[in-house]
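Chemist: Residues per chain, in single letters:
2 protein chains.
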Amino acid sequence: MSSSSSNSSNNNDDQMLKRARELGIVTAADRYRAQTPKCQFGETGICCTVCLQGPCRITKKPGMDRGVCGANADTIVARNLVRHLVFGAAGHSDHAREMVLALKGVGEGSVKDYKISDPKKLQHLAEKLGLTDAQTQDEKALALFVANKCLQDFWKYDASPCLWSQANLDAKALAKLQEIAILPSAIDREIVHILHQLNMGTDADPFNILLSGLRAGMIDFTGMSMATAVTDILFGVPYPVVTEANLGVLKKTQINIAVHGHNPLLSQVIVYAAKELHKEALEAGASEGINIVGICCTGNELLMREGITSVANYGTQELAVITGVLDAMVVDVQCINPALKEICQAFHTTLITTSPRAKMSGVMHVEFETTSALESALRITREAIASFKRRDDTLIHIPDYKAEVIGGFSVEAMLALFAKIECDHPMRVLANAISNKTIKGICAFIGCNNHRVEQDQNITTMARELAQKDVFILSTGCASGALAKAGLMSSLAVEKYAGPGLKHFLKQLEAKSTLACGLPLVFNMGACVDNSRVALLWKLLAEEMNLPLSCLPVVASSPEIMSEKALAIGCWMVAIGVPVVVSIPLPVTGSAYVTELLTTKLKDIVGGYFSIEPDPLAATKIIDGILQERILKTC
Amino acid sequence: MSSSSSNSSNNNDDQMLKRARELGIVTAADRYRAQTPKCQFGETGICCTVCLQGPCRITKKPGMDRGVCGANADTIVARNLVRHLVFGAAGHSDHAREMVLALKGVGEGSVKDYKISDPKKLQHLAEKLGLTDAQTQDEKALALFVANKCLQDFWKYDASPCLWSQANLDAKALAKLQEIAILPSAIDREIVHILHQLNMGTDADPFNILLSGLRAGMIDFTGMSMATAVTDILFGVPYPVVTEANLGVLKKTQINIAVHGHNPLLSQVIVYAAKELHKEALEAGASEGINIVGICCTGNELLMREGITSVANYGTQELAVITGVLDAMVVDVQCINPALKEICQAFHTTLITTSPRAKMSGVMHVEFETTSALESALRITREAIASFKRRDDTLIHIPDYKAEVIGGFSVEAMLALFAKIECDHPMRVLANAISNKTIKGICAFIGCNNHRVEQDQNITTMARELAQKDVFILSTGCASGALAKAGLMSSLAVEKYAGPGLKHFLKQLEAKSTLACGLPLVFNMGACVDNSRVALLWKLLAEEMNLPLSCLPVVASSPEIMSEKALAIGCWMVAIGVPVVVSIPLPVTGSAYVTELLTTKLKDIVGGYFSIEPDPLAATKIIDGILQERILKTC
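First to last, the protein sequences are chains E and A. Just remember that this note's numbering sits 99 ahead of the position in the first sequence, which is counted from 1. Just remember that this note's numbering sits 99 ahead of the position in the second sequence, which is counted from 1.
Incorrect hints may have been included.
As the list makes no split between identical chains, a pair holds if one copy fits it or if it spans any two.
[Unchecked claim] In silico DSS-like cross-links for lysine-lysine, where the CA-CA straight-line distance does not exceed 25 Å:
id, residue 1, residue 2
1, K271, K137
2, K211, K255
3, K160, K137
4, K117, K351
5, K350, K219
Quick caveat, the hints were computed from the structure, so don't treat them as lab data.
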């Protein structure tokens, strides 16, 4: 395993961007440059296209301080923001629904290519959701019960909060959210309520609109809490695994299949199919068989549970193709660049779309259904094998660098680790480390890449700085991708970057653990939907420390926030009491009112708030300050 | 009753705009001027703000032909358009849900201020929705059954089309929609699916996206079909009524309360409250008591059922306040200009918001709930009485003009009318009029006002021209408002504008009818949600003529289309096979592909299509051409 010596960064991306230029291939970085400068109306949220009297753009020019209908900058900015949030919440929740419907299919017997991988978690969940005789029911009955309970959270008509809105929250956080009435009672129904609210000439009160933004955030929270739990039941709770990340995981001697997107129902079964077709791969001339590599969140799902390597996160998805050895790029939903079509066409790479909700014109589409999951996966894998035979060796360029990754840190895995020190009160280990100031607090890196900033650099810079300051670091999503690729999920990184307190904390755990792999500097908790795991850890910590979450020294940061889903995640983190530091300008600065509410006033209402700081070192200082302030605070 | 002599137009609006300028009040017309010229990226749909890498704006400049993610103009335009459609569909469907929940409350007994006004329609509906023993059930049980059936259409998980997606469609239209799989199976769930599809990096196929646009349209259709039926059950099926429209309906000697918005649950009960407080109004000095006047769609609902006058449509809502005699402006949801706040503040007018989804900061909010409907309505009415006492006589300026209106043309009312000629086959009357070319076909004027064009002028000009060409004219929404205000819903207008065939058709009906009021030139079918009535009439006509709807000489036009809801209506009309002519540029011209699909190719797929023509006379010619083509077509 090679690893660049200078600060665990690597020149893979630079190499591949150079290679793209040599080949005349336009990448996202080029397109970003072409799209600057940005329209300042859009940048600041004051362009309204909600009705066909617009677009209306707000300026200080007399008469232009209002849209045609009379909406001012505050209304327009708030409405635009919450429109984004509701799309994000829908994305995550619809993902959760697909997982639940698969579980339902397993329960009903119509879905045969998946099984209950964690019957214990299923039984526990059934009990938690109200089944009194869970212990005497068979797996299928439990699956059906849990699935139906989950589905009710999408549509039910009573006003009680969704079951999954309450999961992963401590009693104090729950009480606070109930007080301000932002706990959803049904995912789909309330999304439609908010869409209605954001219609032309409907809500004009920016505060009322932003309250619905928090509610959209809690809908997102509800969906992802459900998604993680159900996925764990179907595919297993993650425990520590050792793997690798970055473009160097691609192999010339293997059929390389990248799975990209978010839904593990597809990627997981492709892992099964690849095993089944090992012989066909050998026969096709791939001397080492098939290499499944992950991109984006579905990659994270496989990394966490199967130890599958991570070839790219959002920002480097196109570069993976430019290596010339990717035989198939299999995509499901979300964060898939349409540019992949042209880039795959410049190589032999077969791009395959699989979701009825995410097609590309002129691209191979293999519609994926859970009732014929393995069949589709085998077909897709065979397409990759056929594609492998068309590889053009002259176009191959695989950069060397890849990093060791220790991943798989579910809450269950962390509790098992802590239990080696405090058997009966595992969370006491983390609570004590905070109380006695061994560590300064916890920072969760979440969210995306964004081509506004140099690939991964904000995330990795901030993580190294915070580790040095003894902050315990968790991560999810493409932030996980960045930290994995840069080698910050290795044991070596602990030696290199951890401050004395953090090093002590990690090494003490490592010593007690039975893990051969050691412990990493950054704990990867999974895909974006697995921010629910982060919330659960925080919940347990709040209960252990008997403090409201809004008083704990915990913070989140999305240094390259990009998608509407990430905005929704940021929003629920704020809602449950956690400050969120972002390094990308949010499209809200056109309204002083909205900006102040998000960055200051929300603190008094919910405990969390947004902080916007483009410079990663300055953002690190803000995070450090937040943790200091919170640990000193008397709650 | 006064009526301006020249072509039934009037100078009320000009007068009031002049008055506004005198008083230094900025109106929507002023704001529209200030907001021009429009951003051409927004105008043409090629500005993408779906992720925080944007805004991306597409041009022909090298490198700017794609967004950062690689989405091209086709994807961006399609996605932006369908994002609009889904908001519109949500608005109408959520409105329907509120009606259904009120019906459910009546069934359960928790809602006491409403009753079943049309038990026959309720029973008929219960039977249609599958209740076998409807005749032996009591009203409350029927209400509960129907309400629960309706609610299932929002969330159910089987793949069969919603019950209300199938209502108001003939078998041929239904078969076509099933063939292309755009009939929704659940309103809320499918809205969330579409939101998911429109996330960043999800669907990049403009055709697949636009198919979901048609589906969003059919969701809108489902919601409004449900809304109309349930509203008729609660408040009665409309039958012809005589009333008046335009600013001249306001009275100095009365307490004038405008109800504005869309949901008749509020406005209807304010009518009851006004009756109850008549004495208090007299005591306050209003010698003629209380005058409820309607604005926008909730105004149309009252006009249709109660003969309440229509003071304004969307475009003149602000002018109603500037008369200085509006004592309260009571608003619920949708199409309410935030500018009303400042304009009401310039007068004594009390502005009252009532929906938790539609507030304005610093404005009186009386939260309206069906369980305490009359209580809220009494409180609101008393606020108006109090406000009346603060009137400043020096600010009063009521323009003279008002027009006679004959409204209330539900399908039931029209069938009753036709039955006077053909008792057993009432629809034969309309079918024969088409077959023997007495009339050239049917044009439904739908949708909004838009300050891009001179108030109401496109609508009224086109209606007069089409009447002259013997086209039978229906209308809904703010198009109804425009035609009512201009006197085109009067009997006099038949004499003035109807061509010989249309005049013969109307006069023959009038002669057989027992209506003292005569028949109008334009048949008002109600609010925007009552486009379901238009669809039902078309369905019955298709069945009578045994032709697919896509072959009938029927067309719709939205000459001042403005809201996302109107886009959604246009979209379902196209989907069920009806051409829709709009006179406002749709934000799609940035993609030749999307433009061609909407304006041409959809014709081969669904039979309907959009036609965009800003000039009202040219648009009239297009409509005439469509009707000619369709009547000659062999289907």
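Chemist: Of the hints given before, which are not true for this structure?
Modeler: Result: hints 1, 5 break, sorted rising.
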